[in-house]
Structures are given as C-alpha cells and as structure tokens.
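K.L.:
Using the sequences and the accompanying hints, generate a full structural model.
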Amino acid sequence: MSSRRKVRLGDLLVEQKLISEEQLQAALADQKKTGHKLGRALIENGFVDEEQILQTLSSQLSIPYIDILHYKLKPETVRLIPEIQARRFRAVALEDNADGVLVGMADPTNIFAYDELARLLKRPIHLAVVRERDLLRTLDSVYRRTEEISGYAEQLSDELAEGDVDLASMVSNADVADAPVVKLLSSLFEDAVQIGASDIHIEPDEEVLRIRQRVDGALQEQIVDEARIAQALVLRLKLIAGLDISEKRLPQDGRFSIRVKDRNIDVRMSTMPVAYGETVVMRLLDQSSGILSLPELGMPPDIRRRYELLAGRPHGMVLVTGPTGSGKTTTLYATLKLLNRTDNKIITVEDPVEYRLPRTNQIQVKTEIGLDFARVLRSALRHDPDIILVGEIRDEETAEIALRAAMTGHLVLSTLHTNDAISTINRLLDMGIKSYLLAAALHGILAQRLVRRVCKSCARPHTLTDHERIWLKAYADERALKAPYVKGNGCGYCNHTGYAGRIGVYELLDIDRNLTDILGSGDSAAFSHAARRAPGYVPLQQVALNYAKQGMTTMEEVLRVAVDIEAIMQYDGQDTQPDQHVLES
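The working numbering applies: residue 314 is where the sequence shown begins, and numbers increase by one.
Just so you know, these hints were derived from the structure itself, not from any lab. Any given hint could be a false lead.
As the list claims (entries may be wrong) - Below, in silico cross-link-like pairs of lysine to aspartate or glutamate (DMTMM-like), each with a Cα-Cα straight-line distance of 25 Å or less: (1) K345 <-> D324; (2) K345 <-> E363; (3) K496 <-> D538; (4) K574 <-> D453; (5) K769 <-> E364; (6) K769 <-> E357; (7) K345 <-> E334; (8) K330 <-> D343; (9) K650 <-> E609; (10) K345 <-> D362; (11) K330 <-> E445; (12) K345 <-> E328; (13) K385 <-> D453; (14) K330 <-> D362; (15) K496 <-> D512; (16) K561 <-> D518; (17) K387 <-> D538; (18) K574 <-> D512; (19) K330 <-> E357.
Unchecked claim - If you anchor each label on the Cβ, the simulated ranges turn out as follows: (20) R392 <-> K795: 45 to 51 Å; (21) D699 <-> R392: 56 to 62 Å; (22) S583 <-> Q507: 21 to 27 Å; (23) K747 <-> T637: 26 to 32 Å; (24) T829 <-> S583: 36 to 42 Å.
C-beta atoms are modelled at their ideal positions from N, C-alpha and C, and glycine is treated no differently.
P.N.:
Printed below as a string of structure tokens:
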C-alpha cells in the first residue's frame with residue numbers, strides 16, 4: 314500500500330470471483346439506502362462473509378491480516394492515534410518502531426483515512442487489515458477514561474488547594490461544562506457505561522480515593538491519589554440526587570437519571586459514613602435497552618416452560634430467590650412483560666421502582682412516612698388487581714398478606730433472599746408463617762444465580778486444579794472428571810479477564826400435590842428430603858456444572874455457586890441445555 318493507489322473492495326471481490334457483478338450492484342444499491350459501508354452491505358445480504366473479505370484484502374494488497382484480540386498491544390502505542398480519529402477511521406496503532414507505525418485498519422482501501430493518519434502521525438505507515446468488531450472492542454478497552462479521570466481529579470484537587478474555598482458553594486455552582494467536578498463525574502459515568510459496569514463505588518481512604526466498577530459481577534479498581542476530592546464528589550452527587558448535603562452522619566438514598574452516549578441511565582445512589590468521609594455506591598440501570606423477555610434470560614427450555622405455566626395460573630404465589638445482584642428483578646419484570654395484557658390489571662409494590670412498564674400501576678414504598686410494603690399491599694388489594702408484584706418479602710406481616718392475597722384469587726409474584734429454592738421454605742417458617750398458609754398458596758419457587766460466561770475468543774482447554782478435582786470426586790460422578798473444561802486466557806475482547814457477559818443459573822421447584830401435603834404437615838425436614846427428589850428438580854450446582862461441562866463457564870464459577878454442596882450429592886444426574894442468551898443485571 315506504499316503507493317497508496319485507489320483500490321475498490323467491490324472490484325477486488327468480483328475479480329476474485331467471490332461475488333458476481335449483479336451482487337455487487339445490489340450491495341451498492343443497499344449501501345445508498347442505508348449509508349452503511351459496502352463490506353457490511355455485502356455481508357448482510359449474504360453474498361460473502363467477513364473472513365473472505367479480510368483474506369482478500371490481505372492477499373491483494375500484500376498486507377498482513379492480524380487478529381488484534383490476541384495481539385499484545387501497548388496502550389501507549391495505541392494512543393498514538395487519538396480516540397476520535399481511531400474511531401472515525403476504524404484504525405488502531407499496533408507497533409511503533411524505527412521503520413514507522415504498523416496501523417491496523419478495518420478498511421485499508423480507504424485512501425482518505427490513510428492520508429489523514431499519515432499527516433497525524435508524521436511517520437511512515439505500514440498497514441494491516443483487522444476485523445472491524447474486534448477493532449471497536451479493542452478501542453473500547455484501550456481508550457478507557459482512567460487517565461482522563463485521573464487528570465480531572467488532579468485539576469479538582471488543585472482547585473481545592475488554592476486557598477479557603479466554600480466547597481458547598483463551589484460544587485453547587487458547578488453547572489458549567491468545564492468545571493473539574495462536572496468533567497470528572499461525566500468521565501466516570503462514560504467509562505462505566507462503555508465497559509458495561511452495573512455499579513460504581515466511590516470509597517475514600519486515608520491517602521487515596523478508590524473508584525471501583527462492577528463488571529460482570531467482579532469489581533475493577535482505579536486508585537486516585539487526590540484523596541481530598543472525595544468530599545467534592547460526594548457533595549456534587551448529593552445535589553444531583555436531591556439529598557441533604559449538610560447530613561454526613563447518617564446514610565442517605567436517592568436516585569437520578571442521566572444521559573450517557575445516547576443512552577438513558579437511571580442511577581440509584583446510596584451514601585454511608587465511613588472512617589475517612591462518606592462512601593457512595595451507584596447502581597446503573599440502562600433504560601435504553603428495555604425489559605428483557607423470558608426467552609432472552611437464558612433459562613433452560615424445560616425450566617422456562619414450567620415457569621411460564623406457573624406464572625400463567627390465575628392465582629397463587631410464585632417466588633424468585635437469590636442473593637443481591639442475582640437478577641431476580643430482571644426475571645420478575647420479564648414475567649410481567651409476558652403477563653402484561655389488556656385483560657390483566659397489574660400492581661407492583663417496590664423499593665425502589667427499578668423499571669418502568671406501561672399499563673402497570675407501580676408504587677414506590679416510602680417507609681419514612683409509614684408507606685411500607687404491608688400498608689401498600691393492603692391498599693392495593695382494594696384496587697381489584699389480577700396480578701401483584703411485591704418487590705421483596707422482608708417480614709412476617711408482608712408475607713402473610715401476600716399469601717392470603719394469593720389464596721383469594723390473585724397471582725402474587727415476589728422475591729426472597731435465600732441460597733436455593735428448598736431453603737426458602739425454612740426461611741418463611743422461621744419468619745413465623747403458618748405451614749398451612751404456605752401449602753395453600755405457594756405454587757413454585759425459582760432460585761437463581763448469575764455466573765460469568767467464558768470469553769469465546771480466548772477460551773482454551775483447562776486442566777483441573779487439585780481443589781476442583783477433589784470437589785468433583787466428592788460431589789459429582791466419574792464422567793465429570795473427564796469433561797472438556799475451558800478457561801479464558803484473557804484478550805482484548807474481554808478486557809483480559811477471560812470472561813465476557815453472564816448467564817443465569819436456575820433451579821425450579823414446583824410445589825406439587827405430594828409436596829403440598831408434606832408442607833401442610835409442617836415437617837420441614839421431610840419437605841426438604843422430598844423436594845430434592847421432586848420430578849424436574851435440578852439443583853443450582855448441577856446446572857452450573859453442566860454449563861462448565863459444555864464449555865460455557867468455568868469450574869471457578871461453579872465452585873462460587875456451590876453454596877449448598879449437599880444438594881448435588883442427592884442428585885442422580887441429568888444434563889440441562891440452556892438457550893444461548895446472556896442475562897445482564
């Protein structure tokens with residue numbers, strides 16, 4: 314490409330007889346309508362696949378084809394091309410040496426981009442062709458806002474160090490876009506949305522400020538040396554959320570909405586006093602992506618079919634259980650989406666209301682004014698609902714009202730924090746709920762977890778560790794020891810974590826006639842024993858292990874799920890095939 318002669322991709326593909334002239338003209342017509350690039354139009358029409366295009370460009374232009382996901386990139390080299398130009402020209406700097414800069418491009422036939430990059434770098438350019446989606450993923454990974462965040466933090470620290478400053482006044486008047494505190498928060502939210510973070514933690518320490526983001530359930534940390542800016546950040550966030558900036562001794566909760574990269578993000582914010590100031594945790598809810606449907610959650614087909622039958626009943630209670638962050642609310646709203654018809658009146662009682670769903674009456678609990686779950690639930694029953702969603706059962710009074718509602722012609726959906734489906738019964742009995750109420754009203758319990766999915770781009774065969782082998786020998790069968798387990802090595806696609814996305818692990822317990830009779834007797838031990846042998850019941854650990862045997866997750870994730878390993882000992886074995894979807898929290 315040193316002569317920079319103009320080459321047309323379409324002509325190359327026709328010349329190589331990969332497409333016909335008629336197909337080229339059809340793709341060009343589509344390109345005019347959509348504005349997309351020719352390569353994308355050809356691929357979307359099924360005339361050629363991306364691999365053929367890349368190999369043709371590599372061969373005809375005499376340039377290498379590079380898999381950048383597994384290429385050892387140096388961030389300082391990549392940043393030779395500013396992010397704006399890198400995204401505009403679909404280019405990434407791969408190597409910088411005495412001969413010039415090796416630049417990977419999704420479209421190396423783009424002469425205009427080549428000339429602009431040469432003018433920008435002021436160095437000889439050697440081209441390589443790379444896959445576009447891999448390039449974009451690499452740009453998202455490398456052009457993180459970490460340096461930007463550190464820079465704005467330093468600016469804010471300098472501003473605070475200039476002398477006596479009325480911090481509350483400075484932060485409350487920071488409405489201009491170039492104020493350091495505004496820039497810092499803007500960069501923080503943009504970075505979180507870019508990497509798909511579900512939570513942002515701001516944690517002041519003695520000498521540093523820790524900013525941590527939860528991605529696929531795991532925290533990633535950035536340390537900012539300017540510890541003094543913590544107070545300014547917290548004050549600004551309190552103002553945005555409408556909280557009391559003068560109250561620093563008590564925890565506070567609030568919420569606000571922001572727009573980041575054309576996406577509407579609802580932020581649930583909680584503050585708490587700690588040794589070196591106040592810590593803030595913000596849960597990010599992307600309203601732009603909409604509410605998932607049940608088929609999109611990734612439930613095994615058999616479990617989804619049985620769960621949909623339970624949710625389709627005219628009355629009774631269905632519980633979804635699991636720890637915080639296991640996707641319970643996502644599952645319940647997917648259920649409401651299924652049931653949200655003109656002939657159903659739906660009332661939800663939540664704290665807080667996380668998602669907005671048309672044609673539903675959503676009520677926010679406000680305990681500070683006495684509007685608690687039990688009080689709202691009593692009132693809701695007088696509004697002729699068909700379906701009631703109770704955000705969480707926290708006490709005996711709420712549980713009893715919900716169960717009685719389920720007995721009197723209403724379908725009640727709710728959540729509970731328990732480790733698995735079977736232990737839910739013990740939790741309710743411990744609350745003081747009568748066993749005959751449970752037997753009469755409870756129809757099913759869905760327990761769930763989220764496990765990280767192995768990155769397909771860097772998945773490699775995994776040799777079991779001694780700990781994993783011992784666990785499998787004790788709690789699984791001989792076949793499990795011989796399964797082809799995998800683990801991600803880390804690549805640009807998964808931000809070098811070895812994981813990309815999450816998938817739900819589910820166990821469903823149908824309360825059938827036999828279990829109802831045992832439950833009514835109040836014998837919890839007999840109920841647990843019978844439930845483990847109930848038709849269709851597969852414990853969480855076994856479902857997770859089946860995922861690992863299929864190469865979808867790792868043994869590391871299986872052991873994280875295996876809270877009650879006794880359940881797997883009682884299970885006599887059957888595989889569960891999940892749908893190929895990812896559940897996002």
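K.L.:
If a hint holds in the structure, say so; if it doesn't, say that too.
P.N.:
Structure-based check of all given hints:
1. K345 <-> D324: Roughly 17 Å separates the two Cα atoms, so the pair holds.
2. K345 <-> E363: Holds, at about 20 Å.
3. K496 <-> D538: 17 Å, holds
4. K574 <-> D453: 13 Å, holds
5. K769 <-> E364: 17 Å, holds
6. K769 <-> E357: Given pair K769, E357 holds - Cα atoms ~23 Å apart, limit 25 Å.
7. K345 <-> E334: 17 Å, holds
8. K330 <-> D343: 20 Å, holds
9. K650 <-> E609: It holds: about 12 Å lies between the C-alpha atoms, which stays within 25 Å.
10. K345 <-> D362: Judged against 25 Å, a Cα distance of about 20 Å means the pair holds.
11. K330 <-> E445: Status holds; Cα separation ~23 Å.
12. K345 <-> E328: Judged against 25 Å, a Cα distance of about 22 Å means the pair holds.
13. K385 <-> D453: 16 Å, holds
14. K330 <-> D362: 14 Å, holds
15. K496 <-> D512: 19 Å, holds
16. K561 <-> D518: 16 Å, holds
17. K387 <-> D538: At roughly 24 Å apart (the allowed maximum being 25 Å), D538 and K387 satisfy the hint.
18. K574 <-> D512: 17 Å, holds
19. K330 <-> E357: Roughly 18 Å separates the two Cα atoms, so the pair holds.
20. R392 <-> K795: 45 to 51 Å: 46 Å, holds
21. D699 <-> R392: 56 to 62 Å: 57 Å Cβ-Cβ, so the 56 to 62 Å window holds.
22. S583 <-> Q507: 21 to 27 Å: 23 Å, holds
23. K747 <-> T637: 26 to 32 Å: 28 Å, holds
24. T829 <-> S583: 36 to 42 Å: Holds: the Cβ-Cβ distance is about 40 Å, inside 36 to 42 Å.
The earlier numbered hints are all upheld by this structure, with none contradicted.
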